[in-house]
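Trainee: Given next are the chains, with one letter for each unit.
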Amino acid sequence: MIEAIDIHKSFGPLEVLRGISLKVDPSEVVCLIGPSGSGKSTLLRCLNLLEQPDKGTIKLNGEQVYFDWIEGRKVPHGAKRIARVRTRLGMVFQEFNLFPHLTVLKNIIEAPVHVLGMERAAAIEKAMTLLARVGLADKANAYPDQLSGGQRQRTAIARALAMDPIAMLFDEPTSALDPELVHEVLEVMRQLSADGMTMIIVTHEMNFARQVARRVIFMDEGRIVEEDTPERVFEHPREARTRSFIKTIVNR
Amino acid sequence: MQLIDLEVTRQYLGVLLQGLRLTVLLAIIVLLLSLALAIPVAVARMSRNPLVRIPIDAYVELMRTTPLILQLIYIYYVLPGFGIKLDPLTAGIIGLTLHYTAYIGEVYRSGIDAIPRGQHHAAAALGMTSLLAFRRIILPQALRIVTPALGNYFITIFKDTALTSVMTVQELMFTGEIISARTYQYFPIYTLILLIYFAIGYPSAQFVRYLERATSRGEKLR
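Chains as they are written, first to last, in the working numbering: chain H, 1 to 252; chain P, 1 to 222.
In case anyone wonders, no lab produced these hints; they're calculated from the structure.
The structure displayed is predicted, hence computed values, not measured ones.
Note that beta-carbon positions come from the ideal geometry of N, C-alpha and C, so glycine has one too.
Wrong hints could be hidden among the right ones.
Facing chain H, a subset of chain P residues (Cβ under 7 angstroms, in silico) [claimed, not checked]:
#	residue
1	Ala114
2	Gly118
3	Thr129
Residues on chain P that point at chain H, a partial pick, calculated with CB under 10 angstroms [stated by the list, open to error]:
#	residue
4	Arg64
5	Pro67
6	Gln71
7	His121
8	Leu132
9	Arg135
10	Ile137
11	Pro140
Covered by chain P, according to a simulated footprint, are these stretches of chain H (three or more residues, beta-carbon under 8 angstroms) [to be verified]:
#	region
12	98-106
13	110-123
When you get a sec, could you build the whole thing from the sequences and use the hints?
Mentor: Here it is, written out as structure tokens:
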């Protein structure tokens, strides 16, 4: 369903992605793990073009999106076309990025109404359903600054789900949360995966990855080092680098 | 020579207040026009297209580096030489608006810059085009941030309406000049004018201070 082929990305002299290829099937949950700077977040952001790959292609359901390669030069698609593709992917950010001037409810209906042209009443109904699903039905009229971190992230998840995406991208969704608030967000994500959502998650939560992921991908220095089921990657890593990374995680 | 002369006050306060009416009207018109026109100016200043940015940069720098009074004199007294003859009030409105649109545009720009990049990312990830994101997400937040600064500009504009007296706009300052020249009651008239400007300006400044406190304490202006 989502395919990235030979992605390269540099920030100036720093090469962050050195030829990453990745394929995610419908309803699959894939976790990207690895040390800081390994390129996990950059890869994720390439999938909805928040970052521009220097080389490689991205495909959604077999269709090449965002740009074409014509005679070795990258020709980007039009802005509206790219925006339309982005509506099919939901993203949840480490810093939540809720819109502070809007209530929780308005945060959630904003894109469905103004991007998808949904009827406001229908969008509100859908938003209330989603809020109930993430356990925040009573917070519809609260503002983000009145919520805890866990509540903000759950709101962000509802906001992304309101667009009916075919897949959800999570960029370290719990890294900015106080430890006691992590659980409530992981619960929502766990339920989401049980409902069959395709998910690509950059995370440091190894236990979560173990329990929910069908596949774990370990990245280091811009390359995929190892890619396998959680049991294999965590219990019986093949590569030395994977082994030392897992060891530092377990020893925390 | 008295500074406050009750007889002079009784005789001329009415006329002066008529001048004040025009002062306030002028200030409000200029403020509203500048607030509106400064949005495209701010956007143009941030454009990556040099065809757009260079003329706008030139305009803003010209407004910021030359005296306002000179700009007003130019519009009213110099432009007729090029065939552009304006009545005083129109010239005053155009001159003040041209000047303050540049400044308020810079205020907007700083507000827009202050919005964290994460807001742009979230809007883009939800499938919003840059225009939609700007209209619904970025600009509303930027306006809330800069509201105290804009309040300060209202006070500044209010004071600078006095400069249009050089082009015979019959606002408060001009009215006072005429009366004092005719009656020779310079001290009482000008003191009265001073008090009138203060009577409007001081409460306005207090309100701006209230706005500053309200937005800084985290009681966000919704």
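Trainee: Each of the hints needs a verdict: does it hold here or not?
Mentor: Each hint tested on the structure:
no., hint, in the structure
1, Ala114, "violated, 12 angstroms"
2, Gly118, "holds, 4 angstroms"
3, Thr129, "holds, 5 angstroms"
4, Arg64, "violated, 30 angstroms"
5, Pro67, "violated, 38 angstroms"
6, Gln71, "violated, 36 angstroms"
7, His121, "holds, 6 angstroms"
8, Leu132, "holds, 6 angstroms"
9, Arg135, "holds, 9 angstroms"
10, Ile137, "holds, 6 angstroms"
11, Pro140, "holds, 5 angstroms"
12, 98-106, "holds (count 4)"
13, 110-123, "holds (count 5)"
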